[in-house]
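With chain A held as given, fit chain B onto it using these hints.
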Amino acid sequence: MNISDTIIALATPAGVGAIGVIRLSGPNAIAMVNEVFKGKDLSKQEGNTLHFGRIEYQAQVLDEVLVSLFRAPKSYTKEEVVEISCHGSPYILESVIQCLVEQGARLAQPGEFTQRAFMNGAFDLAQAEAVADLIAADSKAAQRAAMHQLRGGFSKELALLREQLIHFASLIELELDFSEEDVEFADREDLQNLVLQLLEKLQPLLDSFKTGNAIKNGVATVIIGKPNAGKSTLLNALLKEDRAIVSDIAGTTRDSLEDEWLLGGVRFRLVDTAGLRETTDVIEAIGVERTNAWVKKAQLVLYVADLSQESPMSLQTVLSEYSDLEVPLILLLNKTDEVNFKSSDWVELAEYIVPISAKKQVGLDTLEQTLLDAVGIHQLNDQGTLVTNVRHYQKLLQTKETLIEVLNALRTDLSGDFVAQDLRHALYHLGEITGTISNDDLLKNIFGKFCIGK
Amino acid sequence: MQYNYDVIVVGAGHAGCEAANAAAKMGSSVLLITMNLQTIAQMSCNPAMGGVAKGQIVREIDALGGMSGIISDKTMIQFRMLNRSKGPAMWSPRCQSDRMKFAEEWRWALERNTNVDFWQDSVQELIVQNKELKGVKTRMGMSFYAPSVVLTNGTFLNGLIHIGEKSFGGGRMAEPNAQGLTEQLVSLGFESGRMKTGTPPRVDGRSLNYEAMEEQKGDENPSSFSYLTKEPIKEQRSCWITHTNEKVHDVLRKGFEKSPMFAGRIKGLGPRYCPSVEDKINRFADKNSHQIFVEPEGWETVEIYVNGFSTSLPEEIQFEAIKLIPGFEKAKMFRPGYAIEYDYFPPTQLSPTLETKLISGLFFAGQINGTTGYEEAACQGLMAGINAHQHTHQLNPFTLSRSEAYIGVLIDDLINKGTDEPYRMFTSRAEFRTLLRQDNADERLTEKGFELGLASQERLDTYLQKKQNVENLIQELKSNKLKPTEANPWLESIGVSSIKEGAPLINFIKRSDVGFEHFYKNEMLIPILKKYSTEEIEQAEIIIKYESYIDKERKMVDKMKSMEDLQIPPQFDYDKIKTLSTESRIKLNKLRPQTIGQASRISGVSASDISILLLFMGR
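Taken in sequence, the protein lines are chains A and B. Numbered by the UniProt record's numbering, the letters in the first sequence go through residues 1 to 454 in order. Numbered by the UniProt record's numbering, the letters in the second sequence go through residues 1 to 619 in order.
Chain A with its partners taken away, still in its complex shape (with noise of 0.2 angstroms):
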């Protein structure tokens, strides 16, 4: 790994646009810039300034630029950087990319910018990786949660859970290497309300993975009930397109359907699936397989119900097949054009129930607010932390997992040596996202709380 030489670029989308970006970063980053820009010489500019100029590479003018420079340390990467804005051409900006190439630059890798920002300092780890979530992020949400860990949010969340961990732990060691002192140790009740209080605070962080997720890659939602029941219907109505085709037979939707739909910020990925009864025509029975698959995948399930074709009882017969789903359900009464209903008669069939008119388009409101319930947005809305990174919720998983290994021995009467050896993993655990925990930590801890020594 090498950080002294200088990297180049595009920092815009690759494609025809407007305005195409080039961004330079290391130490020779203005100097080689300056070498084919005609206008004011940059060597002698001050840092965050923006300059008009031509850009000329072997007698020929490629391109009138804007060059935006920045100094060492301020700058995204703490090193000097330079970013061209040229016209949007994949021509120009090639031969401006080609011609800084044999000035000696280099061309970065993928994530290099960002990772000489983190190497030099600009960010911690966690950040570092918000970083790149921001640069994917591709809906509003997604790009409010990767800025909230970017600030720093999830770290000072980590860092309280982190100061539990120590106390319980020093609690733990105290009788150990003090048993012989004259102090009072924390009993085995007290200890366990500690892990359960550790794991609450650790729950939320966890839960906030699903929807952390959710926001970050879409939320998996497929759409299921009878043939015939209106599934292309509503798919139709929420995308504001005729986007599947829809008739009276049942049956015409053969296969599932995908596509992407942005709700509040958050971006659903909607399945339209073939209707769900036994089949004998082939074609259909392969698209009634694959929607079992889908909802196998799903993060979230829409069950649509022909309130012209089913009754209470019926459905609930039908939704039992549901019953051990791990993800939301929401139960869609559909076509109420068409019938009068009694909605008292269906409250119990499940946690979330829309009624609504497909065709009409009526109640499509509230179900956009329960598709957000649901998948727990509110949560966001709370400022509180998401956990989007991958990394990040397995360590959290394991920690979890590690802290109910150390309940169980402290519920099996075990001696704390074997509770403090689990709980040291669980501290590891976490460490590999807060950076470690040491054991002059726990010492420090115990030294200052309790009266130690003969």
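These aren't lab readings, by the way, just hints derived from the structure by calculation. None of these values were measured; they are calculated from a predicted model. C-beta: ideal position from N, C-alpha, C; glycine also. A hint or two may mislead.
[As the list claims (entries may be wrong)] Not the full set, but computed from the structure, chain B residues with beta-carbon under 8 angstroms of chain A:
{"#": "1", "residue": "A53"}
{"#": "2", "residue": "L82"}
{"#": "3", "residue": "N83"}
{"#": "4", "residue": "F426"}
{"#": "5", "residue": "R433"}
{"#": "6", "residue": "Y549"}
{"#": "7", "residue": "R554"}
{"#": "8", "residue": "M556"}
{"#": "9", "residue": "D558"}
{"#": "10", "residue": "I586"}
Using the frame of chain A, we list chain B on its own:
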């Protein structure tokens, strides 16, 4: 008169004695220089060896071939295995020692070794050429030469004793301090600092009323420190426990304004876990009583060590206060408590062999490195002695890792983290505590000691025999079965649940409610146990019962090993990484860790600094 040696050891406390013994046993000609041959292996503070974590260290010293365990066994007046009620990693041997016999046995052990010569004098200067150590000069003007010198100066370097408003130079009460060495080392480029420690008053045992105290007896079935000791002690002396009270505290408070500590006359930092009684009262004002351990100093003396009452308040205050402790109403004092300040050299100036980075051939061990405790000092002395011998004979350095021994934890902590208060070992400092047990120190270390030429053939054979026996016992437990009809009446009699199908004996030991002690209650099983020693049976039980925890810990060691052992090139240029925080760049440059594992333990080097280092090393 001989002037040339392989190894010179300066100081004859716990560190110096182990260093001299180790180098001499390995074949070096050793000169041991001490100010006073009458105080070899003097226990300056409490008359006890071992304790939590410290007992494990003594077992490790013994397993490698050191003497502290054997000497402790020969001179103990009481033995207790602490933490018996906890898991096996916590079992910690501790003994009360006969202070005078302890010193006598050590001196005799050294005198019996023909490779050790003695010289009573004070070393004032090192002879150094081109950053290489050549020898030492003494106060009497003698010069002795050796390629390796181990300094174990304890509290003697510019030692300053404080009692109340009085202070005077001394290395221990009634002994002169050592001058000149610190100044020379500083001029050679070493950094030095001051530390403080203290000791309680000693009283006349005949003047105490034991009826007002609680007796603390030794174990009914005492064991021992050394793997070679065959017979544990038969007779023991008790200790006694009493408590301070508000009246005692009130009297002590009267002396606070004359306290050298509170008045700021003591600059050095003392240990937080071994505070003076005035410090305890001051810091934990809500506690109106503190424990006092009344410890006899030996078989043939009435002198009593008042553990828990360390103080540097004026002697008349000490005397007035101590008489208010229950049982001490008529106490006669032999000597007052005092505090002592002394020079130490931040141990981050050492390499893992305890050789200084600045001067080749110069080794430091014990309190000079900022540690406290006989056991901590002794194990450093042992390691410095071994490595001094290796250095003189140009052999490979000998080090232990954090997962191999408390000794490894201690040295790794010292050289990487340094310490600004006297460093004492705790089990919580070891991340792989479950592996570093007192029962398996031989398994961890004896073969290494033997390869070094330090552990004797007898020691190796004893270990191998024990290992074989433990394996045999486990095998027997696997191959012998009990039918429900044979097992259930017995299981019922010990009040645990019965079995439905026949099971090998090992399955019973695996249960949390059955142990070997229950095997003695089944006549069918007694013949098996008769073939094995208590230690062998105990170890087999630990291996069987705690298998899953031991395995888990081993896996953790392996997991961390990849990072731990990742070598940093010796000439690695930290300055080229502008990205490191300034603090960690300075520290890394100064300490020059050999591995990433070591680097990660340096205080001030953060996790992200380590990620950066790994990136730069191409990982």
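Tested hints:
1. A53: 7 angstroms, holds
2. L82: Status holds, d = 6 angstroms.
3. N83: 5 angstroms, holds
4. F426: 4 angstroms, holds
5. R433: With a closest approach of 6 angstroms, the R433 of chain B hint holds.
6. Y549: Nearest chain A Cβ about 5 angstroms off; hint holds.
7. R554: Hint on R554 of chain B: violated, closest Cβ of chain A at ~12 angstroms, above 8 angstroms.
8. M556: At 7 angstroms from the nearest chain A Cβ, M556 of chain B passes the 8 angstroms test, so the hint holds.
9. D558: Since chain A brings no Cβ nearer than about 14 angstroms to D558 of chain B, farther than 8 angstroms, the hint is violated.
10. I586: At about 15 angstroms, which exceeds the 8 angstroms cut-off, the nearest Cβ of chain A leaves the hint on I586 of chain B violated.
The structure is inconsistent with the numbered hints 7, 9, 10, although it conforms to all the rest.
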